[in-house]
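Starting from the known structure of chain G, fit chain E onto it as the hints suggest.
Taken in order, these protein sequences are the chains called G and E.
323 is the number that the numbering used here gives to position 321 of the first sequence; each next residue is one higher, with no gaps.
382 is the number that the numbering used here gives to position 233 of the second sequence; each next residue is one higher, with no gaps.
Derived from the structure by calculation, the hints contain no laboratory data.
A quick note: this is a predicted structure, and the numbers were derived from the prediction, not measured.
Hints may contain errors.
[Claimed, not checked] The calculated DSS-like cross-link candidates involving lysine-lysine, where the alpha carbons are at most 30 Å apart (straight line), are:
no.	chain 1	residue 1	chain 2	residue 2
1	G	38	E	243
2	G	316	G	281
3	G	156	E	243
4	E	243	E	185
5	G	351	G	388
6	G	85	E	243
7	G	154	E	243
8	G	281	G	351
9	G	154	E	329
10	E	196	G	85
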Amino acid sequence: MPEAVLERAHEDVHKTQPWNNPDAVPYIRFENVTKKFGDFYAVDDVSLDIYRHELFALLGGSGCGKTTLLRMLAGFEEPTSGKIYIDGVDMAGVPAYERPTNMMFQSYALFPHMTVEQNVAFGLVQDGVSRSEIKELVAEMLGLVQMSKFAKRKPHQLSGGQRQRVALARSLIKRPKVLLLDEPLGALDKKLREQTQFELVNIQEKVGTTFVMVTHDQEEAMTMASRIAVMNEGVISQTGTPFELYEYPNSRYTANFLGQVNLLEGVLVDDDEKYAVIKSDEANCDIYIDHAVQGHEGMTFWAAIRPERLRLTKTEPEETKYNCVSGKIEEIGYLGGISTYHVRLESGKRIKVTEPNTGRHNEPTYTWEDRVWVSWEAGAASVLNK
Amino acid sequence: MNGKRSTFLISALVFGFAFLYVPILLVIIYSFNEGKLVTVWAGFSTKWYVSLFNNDGMIDAAWNSLRIGVMSATLALALGTPAGLVMSRFGRFKGRTMFSGMIAAPLVMPEVITGLSLLLLFVTLEQLVGWPAGRGLSTITIAHTTFCAAYVAVVVQSRLSGMDISVEEAAMDLGAKPAKIFFVITLPMILPALLAGWLLSFTLSLDDLVIASFVAGPGSTTLPMKVFSSVRLGVSPEINALATLIILTVSIMIVIASFLILRSERMRNRAANGSDA
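Extracted from the complex, chain G is given alone in its bound form:
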């Protein structure tokens, strides 16, 4: 390839993936941030870089510290130790009302005694913007979130989805450097949530603001975010794009949190430069990995295999030495697009396999108590050591 083309490709990557560019300057920076409530570490020594124009998601279960991290960015909590920078400015001691951030609250927190228009205008009024300008900006913003018709209504006359739009408009109107979203779609029902996910992404692309959102819903995070940080007990366990996190998890926690996974515990018995073999007593099989594994023989590893990467057959495959186990079908879950099978292995371990239902008139292939073989390719499993 000519050098110029390569360079352009590189530039492109650096533009769309600033985290892969060593020269890129992070827009938001957490430096060894710790937050203690009494003796409890809500956030424990977190360092994190977020770049401009990103839609960054903090993902984790309840009590993992993701909301505390967000609230420290907004200025509602001060870190016990560590530093937070936004656009190069140290945020220590800067009160919430002077920060270049705005937040969309989980409960939306609309002012109940004000109309939609007044709610959206509130931030501008605080800044002393002229009335004519406020009117113009509010009308424009309500247009963006398609709420112009409801400008004169009070919050209690709106549906949940409409309130969510008003909250979004209110938090965007000051053109903050960073928009913080606390479970932005948490209060909506499933159908509306899916629709709103894409809308929110579109609006983000339109206004170009950096979004940092907190969510416990892995699907939501994967649909919307450019990158995700998975948090657990106050610590970030992994940061990466949705693809990286799903295909290359670094721990059992991440693998389990994003999507579904079968974890087979085993011991490294053969380690070469090109391949590795893990012997799993739990599944009673040898797992062949098509790359070298960092570790010495005898170490415990977990092979993480996604249910959709497993192949289900009624007959014994030709090659059964590696990556093949047999068992009985114990449960079947028909989900329309796919079916989920729970297979009880001879060793007693239960694993989950999903198969797409491609044809409409196909007879169900498997039924309860069927004896089946489950096999997978050498590249299907990721090897985890924690």
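Relative to chain G, chain E alone:
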């Protein structure tokens, strides 16, 4: 079985309500009695209402009570609101338990003790600093303010703790400073609670006999004091008429107050689970 239980429940209900309200009903009925004897019915008349309005002592006392009520309810609101705010918004601070205990104390303190201690306070203050000079309307107002402030604090606190704190945080996030947040966001949202607190205080002040008797001075007879003293001389049907008017006023106030509380509660509920609206 079901029918049996409901008969029992209904009779319990009827008995309970009768126990509470028949005496009051009797007072109202007898206020329209023609005769001079309070307990003997002699035909319908409104003459006791007329004679009540010609009784200067009674009217003066009512006027006193009204002034004290308005003043102490207003003062109680000014003192109780910040107290309620501190209790629900300042989180944990040293002495919080003692503070909340001390705010609630006047609610359960026997009135005799409150009255006596306030009397001692006023007398001591007069000797030390010369104020309040003698006892009268102002001392009664101060006394009523002390215990009414406790009620206001409790009402305001409960309203605030039911309020989503992120609404105030949102205001701060959008650039409003704390003092501005209080006046532009918090105050309008707790307005129904403030009105209810004021009405409650006014009613309590209007009602009070014991504390007022302790701290009253010459020329500051309140309505309950006047009624009490005239009953000792023998119950006149005029008192029945007066009682009816008081019941009417108090009921109206209570109805308005509870309506305000109820409405703000409903607004809150609707705001909380409005996704189905």
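Each hint tested on the structure:
1. G/38 - E/243: Holds - the C-alpha atoms of residue 243 of chain E and residue 38 of chain G are around 19 Å apart, at most 30 Å.
2. G/316 - G/281: With a Cα-Cα distance of about 24 Å, the restraint between residue 316 of chain G and residue 281 of chain G holds, given a limit of 30 Å.
3. G/156 - E/243: With Cα atoms ~40 Å apart, residue 156 of chain G and residue 243 of chain E exceed 30 Å; violated.
4. E/243 - E/185: Outside the cut-off at roughly 62 Å; violated.
5. G/351 - G/388: Status holds; Cα separation ~20 Å.
6. G/85 - E/243: holds (29 Å)
7. G/154 - E/243: violated (45 Å)
8. G/281 - G/351: The given pair, whose Cα atoms are some 15 Å apart, holds under the 30 Å limit.
9. G/154 - E/329: Within the cut-off at roughly 24 Å; holds.
10. E/196 - G/85: violated (81 Å)
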